[in-house]
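Chain by chain, the residues run as shown.
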Amino acid sequence: MSRGVDSGTRAELQEAIREIEGMAGLTEATPRLRVGRPSAAVAAQQSPFAARGFKSVRGGVADAGPRPGGFDGESLPRALAIGITSPNYKDGKTTMAISLASCLAHDFSAQVMLVDADFQTHSVGNEYGLQGRPGLSDVLDGTATLPAVVNRFRQAPMTVVTAGSVAGDPARLARSERLPSVIDQMKDSNGFVVMDLPATLKSMNAPVIANRCDGVIVVVRAGKTTRRDLERVLELLQDANIIGVVINRQHSNVPGWIDRLLALPR
Amino acid sequence: MIPRKLVETAFRRLWVALLPVLAVPALVLLLVHHTSLYESTGTAWVSRPPNTTPAGSLDPANTPAKAQVQVIADLLATGSFRESVAIEAGLTGGDAPRGELDAAADAVAKAVAVVVVGPNLVAIKASAATGEQAQKLAAAMLARYQARAAADNTRELQTVVDYFTKQAGLAQDELAKTRASLAAYLKAHPGVDKAGTDTDYLAIQARADAQAKTVDKLSQSLQDAQLQAAAGSATARDTTFEVQDQPRVPSAALGVPASKRLGYPAAGLFLGIVIAVVYLYLAYRADHSIRSKDDLAGLGLPVLGYVPNLRPREARLLGGYTPFRWIAPLRKDYGRKVAASISPIPEEKRLAS
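Protein chains in written order, with this note's numbering: chain A, 1 to 266; chain B, 1 to 353.
Accuracy of the hints is not assured; some may be wrong.
Restricting the straight-line Cα-Cα distance to at most 20 Å, the calculated cross-link-like pairs of lysine to aspartate or glutamate (DMTMM-like) are [stated by the list, open to error]:
hint : chain 1 : residue 1 : chain 2 : residue 2
1    : B       : K5        : B       : D294
2    : A       : K224      : B       : D287
3    : B       : K66       : B       : D152
4    : B       : K125      : B       : D74
5    : B       : K187      : B       : D198
6    : B       : K5        : A       : D259
7    : A       : K224      : B       : D294
8    : B       : K125      : B       : E88
9    : B       : K177      : B       : D200
10   : A       : K202      : A       : E231
11   : B       : K293      : A       : D259
12   : B       : K177      : B       : D209
13   : B       : K293      : A       : E231
14   : A       : K202      : A       : E235
15   : B       : K166      : B       : D224
Everything labelled a hint here was simulated from the structure, so no lab data went into it. These numbers come from a predicted model, not from an experiment.
Make the full structure from the sequences, and use the hints.
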């Protein structure tokens, strides 16, 4: 599953990444996230998994090769549309999408749009108390324009687009001819578009929307997601540009001293 | 290199794996639990009991001791004898309910053992939770058997007396008849020569003399039997069962065999460890979930990052231990809520369409 890229495109990507890192001042030695502290700004700055995850994301994008509808190898896209999916629900894809979008906005001061593309669960809208607000489905249905459904946060360069209020067939919405143009429109006004996709094994809309993204991150839940599930996800997303995997809710039962003594692999 | 998943499996299921390691030896200890037992022993010199194979039998292995042991074993098989021993030992009262008597009789059967020490030496062993109880049991067993043996001897002697009494009576009657015949013959033949050659007279006279001797012999035997019976049962029983060593109160309990004290628990511990290892190995082999980068080998996918499990603080107290680890996931969408809390848009009022 090697996804090569020509040297010109790689150099161009790496240059852009260096610029982003220069803005953010991101370091590896970020302190550990303090669970239960609702101080948003501090917690976001202290989120090592998001920081490292994003650095890995851009690394994955740099390694990603040409793909239909994505990078053409000639020019670096102005913005990146990153889809977040998982094999099953409750694996943490919405958590990852929210965290990634938040940290992108905070750490890189980049304009970020968080899009709820899961027309069944409306997880992002529910999380932010935006239930019933018009969103992506309204735009795809043609009953609203994209600027009209954008929820903007005044104190950070981040916007949220809910799944929308149209009670239509999710499959029809996902296969809407408007979707590519809507995503392009999102990328026109944002540095990053983070899309919360449905669970791949639970909805056939996930591969459809994932194909429209520049890259897809698959979130697996440690100890729950099986390798067979992940292999089925990869089969379903074979036409998408999979950047990599994020292992969510990872925890270790091994005492630290035993871990060090046995030099266990990560 | 040891796979991380194997070590993780071991620690994640540590409590379950420890269960057989602790439970199996405990179960073994419970099963082979050995309470302190005291044993008291009395020995008896025995002769061949009545109504058994007589001395001089062709079977050299059938010693008097063995014959007595068989008799005692037969007695112990009867509930009435065990009850009498239990009452004698004070295990129960004579007026106790039937259930209590049966239980005491069963206890006697379990506690008493009769073994052959030598050709004429029998040991009666009784074990109990206390030394006094063991001594009482052994003493009661000896006393009851002695009483039983004495009763048997007395009954046998009485039978002999009855027999000789009857035989002597019959012989006396016969003698009287013979003498009456002789008198009748003399009356019918007044001139008979008593010292002569009258053969009929001589025959009757000889029969009368013989009958008189028989009567004398039977009378002597009857006198001997009556003398034996009158001599008392103590003398009679000593001829078959004589206590050599009275049972004493033991000063120390019986020792617990090393196999029970150490061997069985060690075997249980080994079995528990084997069960735990097999369980962990099966759990490791059956775990196909993704936990680390190793589990993604061959898929060609990079791991972008690891997100730690965000568990609620209050669940950490108990959630850190495997038996309570199931509590943490019950917190619905906790991780997502934490993620939303670190986002810059936590509340709707901060949003502007």
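Verification of the hints:
At roughly 9 Å between alpha-carbon atoms, K5 (chain B) and D294 (chain B) fall within 20 Å of each other, so this suggested pair holds. Note on K224 (chain A) and D287 (chain B): the hinted pairing holds, with a Cα-Cα distance of about 9 Å set against a maximum of 20 Å. With a CA separation close to 18 Å, the supplied pair K66 (chain B) and D152 (chain B) stays within the 20 Å bound. Restraint check for K125 (chain B) and D74 (chain B): the C-alpha separation of about 16 Å stays at or below 20 Å, so the hint holds.
Of the supplied pair hints, the one linking K187 (chain B) and D198 (chain B) holds, its CA atoms being roughly 14 Å apart against a limit of 20 Å. At roughly 12 Å between alpha-carbon atoms, K5 (chain B) and D259 (chain A) fall within 20 Å of each other, so this suggested pair holds. Pair hint K224 (chain A) plus D294 (chain B) holds up; C-alpha atoms about 15 Å apart against a cutoff of 20 Å. Restraint check for K125 (chain B) and E88 (chain B): the C-alpha separation of about 16 Å stays at or below 20 Å, so the hint holds.
Between K177 (chain B) and D200 (chain B) the alpha-carbon distance is near 16 Å, which keeps this suggested pair within the 20 Å criterion. Of the pairs offered as hints, the one joining K202 (chain A) and E231 (chain A) holds, with about 14 Å between alpha carbons and a cut-off of 20 Å not exceeded. At most 20 Å may separate the alpha-carbon atoms for a hinted pair to count; K293 (chain B) and D259 (chain A) meet this at roughly 16 Å. In summary, the hint linking K177 (chain B) to D209 (chain B) is supported, as the alpha carbons are separated by about 12 Å, within the 20 Å threshold.
This hinted pair checks out: K293 (chain B) and E231 (chain A) have alpha carbons roughly 15 Å apart, not beyond 20 Å. Of the supplied pair hints, the one linking K202 (chain A) and E235 (chain A) holds, its CA atoms being roughly 14 Å apart against a limit of 20 Å. Restraint check: the Cα-Cα separation between K166 (chain B) and D224 (chain B) comes to about 15 Å, which is no more than 20 Å; the hinted pair holds.
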